[in-house]
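Enquirer: First to last, the sequence lines map onto chains H, W and F.
To convert, count from 1 in the first sequence and add 19; that's this note's numbering.
To convert, count from 1 in the second sequence and add 8; that's this note's numbering.
To convert, count from 1 in the third sequence and add 7; that's this note's numbering.
In short, the hints are calculated from the structure, not lab data.
Don't take every hint at face value.
[As the list claims (entries may be wrong)] Pair by pair, the computed Cβ-Cβ distance ranges are:
hint : chain 1 : residue 1 : chain 2 : residue 2 : range
1    : F       : K910      : W       : A276      : 28 to 34 Å
2    : H       : G210      : W       : L100      : 38 to 44 Å
3    : H       : K212      : W       : A276      : 19 to 25 Å
4    : W       : A109      : H       : K212      : 52 to 58 Å
5    : F       : G841      : W       : F65       : 54 to 60 Å
6    : F       : Y909      : W       : A276      : 30 to 36 Å
7    : F       : E292      : H       : G210      : 54 to 60 Å
8    : F       : G82       : W       : S78       : 40 to 46 Å
9    : H       : D187      : F       : A824      : 41 to 47 Å
10   : H       : G210      : W       : V194      : 19 to 25 Å
11   : F       : K617      : W       : A276      : 45 to 51 Å
[Claimed, not checked] With a straight-line cut-off of 35 Å between C-alpha atoms, the simulated DSBU-like cross-links for lysine-lysine are:
hint : chain 1 : residue 1 : chain 2 : residue 2
12   : F       : K118      : H       : K143
13   : F       : K118      : F       : K154
14   : F       : K617      : H       : K143
15   : F       : K253      : H       : K195
16   : H       : K143      : F       : K253
17   : F       : K474      : F       : K76
18   : F       : K699      : H       : K195
19   : F       : K132      : F       : K733
20   : F       : K154      : F       : K253
21   : F       : K76       : H       : K94
22   : F       : K76       : F       : K368
23   : F       : K733      : H       : K59
We treat Cβ as the ideally placed atom computed from N, Cα and C, and that holds for glycine.
In case you want the letters, here they are:
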Amino acid sequence: MRYGMVIDLQRCVGCNSCTIACKQANGTPPGVLRTRVLIKETGTYPNTRYQYLPILCMHCQVPECSRVCPTGATKVLENGIVTIDKDACIGCQFCVMACPYGARSFVEEYTSYFPGQEMTAYEKSQSGRFQTGTADKCDFCADRVAAGELPVCVVTCGAHARIFGDLDDPESEVSKLVAQHHGKQLLSELGSKPSVFYING
Amino acid sequence: MEVQWTLVLFTLFTGLGAGTFAFVATTDLMGKAEEIRSPGSWMALISLAIGGVSSVFHLAHPERALLVLSRLGTNVGREFALLALTGLVLLLYMGLTRRAAASTRMTVAAIGLLLSAALAFTVGATYMLPGRPAWNTFFLPLTYLVSALVLGVFTGYVLLAWKRAGADLLRSVGVMALGGLVLEAVVVGFYAASLTTPAMVGSVILTGSVPLLFWFLVVAIGLVIPTLLMLVRPKGPGSKQTAVAGIALLSVVAGGLTERALMFLVGAGPTLGL
Amino acid sequence: MAGILSRKLTRRTMFKVSAAAAALAAAGEALFGDLGARMVKAQGEAAPPYDETVYSWCRQCALPPCGIKVDVKDGVAVRVQGNPECPSNLGALCSRGNATIAGVYNPYRVKAPLKRTNPERGLDKDPGWVEISWDEAMETIAAEMKKVRADDPRKFMYCLGFARSGSMLEGMEFCEAFGTPNYIEVDGPTCSVHFGSSLLLGNFVGPAYDPNYTRLLIQLGDGSPASGGYAPDSADFASSISRGMKVIVIDPRLTTEASKGEWVPIRPGTDLAFILAMQQTIVHELKRFDVEFLKRRTNAPYLIGPDDHYVRDKASNKPLVWDAKASAAKTFDDATVGDYALEGSFAVEGVSCEPAFAIYKRGIASYTPEWAEEKTTIPAATVRRIAQEFVEEARIGSTITIDGMVMPFRPVCLQSGRGAVTQFYGGNYHCAAIMVNMLVGGLDVPGSGSGGLGPQHKCTPIPLALKPDADGVVLPKVEALPRAFEWPPNRLDGKTFFPYSHDNPHIVFDAILDPKKYYLDYTPEVLYVWAGNPILRVYDQEKVLKAFEKFRFIFTLSYSVDEPALLADIVLPEAVGLERYSGAQRGALYETPEGLRNAVFGMVAQQVIKPVYNSRQPDDVLIELAERIGILYGPRGMNAKINTGVLSPVKLVAPFLLDLDRKYSAKELANLVFKSSQGAEADVDAQRNVAKMRMRLLPSRTAYPYSGFPMGTTRYALYMENLLCKGEELRGNIRRVGAMIPGWDEDAFFDHYKPVVHWMDHPKADSPDFDLWAINWKTAQFSFGLGGSVDNPWLHEAAQFDPYLHLVCLNRATGEARGFKDGDLVWVESEDSGCKVQGRVKLSEAFHPDVVGIGGLFGHRSQQMNPLALQGIHFNSLMNTGPETADPLGGGFDGRHKVKVYKVE
Ligand SMILES: Nc1nc2c(c(=O)[nH]1)N[C@H]1C(S)=C(S)[C@@H](COP(=O)(O)OP(=O)(O)OC[C@H]3O[C@@H](n4cnc5c(=O)[nH]c(N)nc54)[C@H](O)[C@@H]3O)O[C@H]1N2
Ligand SMILES: Nc1nc2c(c(=O)[nH]1)N[C@H]1C(S)=C(S)[C@@H](COP(=O)(O)OP(=O)(O)OC[C@H]3O[C@@H](n4cnc5c(=O)[nH]c(N)nc54)[C@H](O)[C@@H]3O)O[C@H]1N2
Ligand code: SF4
Ligand code: SF4
Ligand code: SF4
Ligand code: SF4
Ligand code: SF4
Ligand SMILES: [Mo]
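Given these sequences and hints, build the entire structure.
Expert: Okay, here's the thing in structure tokens:
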């Protein structure tokens, strides 16, 4: 079992809906985005194109983050999900520096989205979910996945640009897409073996 | 990325401590400069301690720091282990200076020298991360190593000047210092040249706030001024010698600090083009 | 939605997950106590369990199509997701929908009814708010309303905008009952995209492409399929691209859609030239068009006399056609016509005449691609290639069988958005653009564009029927319906002169400041603003502010203290989407086990959480106000107006009509709406925790208007004789009363009422100083201000990835030639309005060289809003402020905003 995601760059419209969906599902504080969609102009007029590039934790099979993690807080689960045990994280942030994909943030404190105002009822309800002073990143919505649901960013994406499944199962949609469309991994030259594949780029 | 000041202080002070210990050990091995053995060791110990404390300040959850013991093979674990080991050897060395036989002390000094060098190098090697192309080169830990040695030599020089050491000793230290500075200039140069993409090079020496820091603090203050000072310093001992030594040390500290801070400024992640 | 991907973990993966999870849990319990559990969710921050999951309706865009699923814990909405069972969005949500919660708990919302104590109004003056009770607020408002009604009900102006989204009552029913004609929507003039479709397709908007079958989509000035990021539209677009649909985008700016296809940059305000050149190429050069369609499904064969009107049969008054076989004139519906002549000169009872097509063909003869190139900057060869691709891909003559019905198959669509249509020639342009589709028979059939928002239109599930008028031509609907000439004018919005216009706040404020220009004998005194922002969305803010000064009493129902609220005497706090009941009928093509169906479902909004502040929902406020004023009950009261089904967005059917003498709550109203759509068993409360929607399933062919009106039953107008008639009638009336059209020369104005599409030169000469065109577009986060989106910090955070946010975008070469570099602070000064706005330069390869791009809808000035909302550039300051360049047909703004750009000294 190795969970993975395929991102179809032809389908992605760069709406950043996934970015906010993930934020609200996980209650992350300001500045902490577990996923985001980079938008870049390429080419010269009039042969210009946008490159939409959804980024999240790549759930590397050979993760830099866990290689450098001095406490073992970051580890790879049996299902391929790279997680952070917040109770074991000392907040050294080496994983943040080491992750080649910029997938990690450091949650210094849980602040409100409305500076100078009292925390909102929603924020109060979520703040308890966060251990401040620890690293944070996408966990492939491990809770949901354990309950048989798809990650939030997958479900919310109107364009169906994100497809989730088991890369070890050759019959799964993700495996087939990777095979058919020659899925690419970001920075594959680093040998980190991401479980996130990009197709139709 | 943003400058991580606690880490800058950590690497600066461990570098200073390791360099000083290395200098004390080297002169001991050469049978010279006995007068600074004790103050030098104390300086080294205090620096290593400040470095250690800085690293604790870097942690958001220092109460869990002992978990690091479970993974000593990691970059941070290695630093931690080497720092502890170097500190212990330094303490041992300090204990031995008074009572033990010279040969035992020399053996410990030799081990201390090696450990100091290893610590200074490792502190830099921690940042050799494939995910940070600007850091992922051997010139980075080399820079840390050479910078630590230079800091050590200059600390030794200050102590010697303060102890009114003889002109001969001062001259050999002066030569060591000049040699160290030249080496540092070379290593820093190679590091800058190793920045592979033009964007990275540009960000160091051409555009933004980085070039100012680089040319002014690293090159002018950290390298040129101490070099000039070493060339024009008075021959014999005296308060002038001490003043020159003091200023030179401050310059190399400023340079070392800036080098380390700059590392963070140029250390952007890779561009994620497909 | 054909060919969509699965939205659930497949059974295969699910089995593995649950097996793995079960094994882990078992092993965990045996060995490590709860450590096993921690391994599954090692991040140790599982979402808290919820008390309730409520299924409701999103309200974060203007015409919200999506169902939502909200988790509630301790009375707090802790998560909003798409309802996976809702046929329109199948669990998806756009960024605005996902940001709902940050809007609900925004501490800058209005928290209680507010009363002004400082009599001096001004954006920079503190109103000195005091909180009052709802009762006191409503009583004060009702007293003012009664007073003005007794004096002259026209003096009450009801101003609203798109933040009304998803409301059951919008105010037209209230205004009718009150007796004021001044129901003013502020949203209209920048999206007057309705005239052409209303006139030619009998539909509110369109044509829009068919996500199931379109193979070539040409878009002009249009960002709804993907750039706007609307969840269902993104789904359709991505599937269409994936299955191989080609997109050609004619736009001064690289859009998301263009980036997935071919971008053809165009100089702004010249789309009409491109469209005419397309027609010229198809008709004169390629000579490939759907002749059968023109003969049998359009008025192209109708005979036209020297007076430009149909030649009619004396006896039946029906338009005549020429039967080429019989060499005789026959009525258009004569079954014996052997062959309809499209060209030639004939004489019928002494009147010389020729088929409409011949006149049309001659009319467009000079619009060569070379002629157009000079205006549009699009190379002639490109126009020829696009025209060629269009006719080829149209597969003229092909058919498709859907649900057993054989229908023409034309997998091409040329569709237009507000960028292309909102121009001084907009009405004409829209008609001309529809005609390109008409030439290949691509209207309202599978693969082609359809009226409405296309077969996937999520708002009106069953396409408005194409009914023939007495002449056999599609009956104009909505905004192209004839409007009686009103003299002297009562309405502030100038619809006497612009009878087919959409909404005219721009005219209204001009009229308030200069009533004589519009032959008005009054100015309004009491203003209600709800859910729209006339100060931001119209044009030069100072001009609107001056008009605001004329009002004696202003009250608003507001989300935050925005500019209208800041100027109000009383501000009522509005309940947001999650705090409201509502109901509507929606539709979507929907994959069922039996195949694709057109699902018509009942959309219900629940009061998911109790109002966070002391706020009430708009429908309740309106009903309460109507009762207090005394206009709710009886045959002429608001209840009766609601029952008509045309004044409110909701339709009630017997036996669920309102009892005229009862006061309903919003919840009761929502229940009646739900029952009207889905039958007596449908119940709002029963639906609260149920994901599955109540729906009726129709055959999927019903999504195509053709299925209701196949070949031979109605004809589209290639020759707009009805428009000519309207113009002549209007001109006659204007002359009769001796009036002038405000801002317009009569001939230039009526040039827009000609039966054959044609080029029109801009009414204003070009000034060489103002050498660039400013353009604007909706962004994925900021397509509207509604739902508090501009106040929403989550949306701002996501918008940081928009490379153009809050910047003045210039084509790189243009910018460099003028010595600009990224980050330079510049003024953008408008020729038309005289206003200038400031911003930082962004040099880009994604803009036409003649263009200054400023995206989004910004420009808030109220210091009482979230400071985030004050960021950005007020594009609308650059727009024209007078009626002289408003579109004589659609009434919208002119989209030609000539500007100059220079550095801030
Ligand atoms: N620059 C620019 N201008 C445009 C457009 C554009 O794309 N760019 N688009 C045009 C088009 S197509 C349209 S339809 C119109 C839409 O324009 P409007 O009809 O004015 O609608 P919005 O801007 O969505 O929201 C109106 C205002 O209501 C307030 N508001 C926000 N949320 C709420 C709420 O929940 N309740 C209440 N009561 N008030 C709220 C805010 O002050 C907001 O500015 O704008 C037009 N103007
Ligand atoms: N789900 C959902 N869908 C909606 C809505 C909603 O609320 N929800 N809102 C609807 C509403 S109110 C509207 S008005 C529509 C608006 O949708 P669109 O009409 O698609 O409006 P914009 O997205 O602003 O796109 C305008 C485009 O025109 C371009 N443009 C500007 N000037 C010119 C020009 O002179 N020529 C050409 N060719 N292009 C030009 C701009 O660059 C931009 O790309 O969306 C509708 N769709
Ligand atoms: S939600 Fe989907 S389409 Fe939108 S940016 Fe994210 S991945 Fe792309
Ligand atoms: S993407 Fe970064 S955080 Fe995620 S597994 Fe790889 S290295 Fe670790
Ligand atoms: S911050 Fe936490 S997870 Fe990251 S490396 Fe340090 S201990 Fe490990
Ligand atoms: S998988 Fe879950 S946590 Fe990861 S980016 Fe998607 S929504 Fe966020
Ligand atoms: S398109 Fe977005 S804002 Fe509109 S209803 Fe759907 S989720 Fe809500
Ligand atoms: Mo609109």
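Enquirer: Each hint: holds or not?
Expert: Hints and how they fare:
no., hint, verdict
1, F:K910 to W:A276: 28 to 34 Å, "holds (31 Å)"
2, H:G210 to W:L100: 38 to 44 Å, "holds (41 Å)"
3, H:K212 to W:A276: 19 to 25 Å, "holds (23 Å)"
4, W:A109 to H:K212: 52 to 58 Å, "holds (55 Å)"
5, F:G841 to W:F65: 54 to 60 Å, "holds (58 Å)"
6, F:Y909 to W:A276: 30 to 36 Å, "holds (35 Å)"
7, F:E292 to H:G210: 54 to 60 Å, "holds (58 Å)"
8, F:G82 to W:S78: 40 to 46 Å, "holds (44 Å)"
9, H:D187 to F:A824: 41 to 47 Å, "violated (57 Å)"
10, H:G210 to W:V194: 19 to 25 Å, "violated (31 Å)"
11, F:K617 to W:A276: 45 to 51 Å, "holds (48 Å)"
12, F:K118 to H:K143, "holds (19 Å)"
13, F:K118 to F:K154, "holds (28 Å)"
14, F:K617 to H:K143, "holds (17 Å)"
15, F:K253 to H:K195, "holds (25 Å)"
16, H:K143 to F:K253, "violated (48 Å)"
17, F:K474 to F:K76, "violated (39 Å)"
18, F:K699 to H:K195, "holds (31 Å)"
19, F:K132 to F:K733, "violated (48 Å)"
20, F:K154 to F:K253, "violated (60 Å)"
21, F:K76 to H:K94, "holds (33 Å)"
22, F:K76 to F:K368, "violated (55 Å)"
23, F:K733 to H:K59, "violated (49 Å)"
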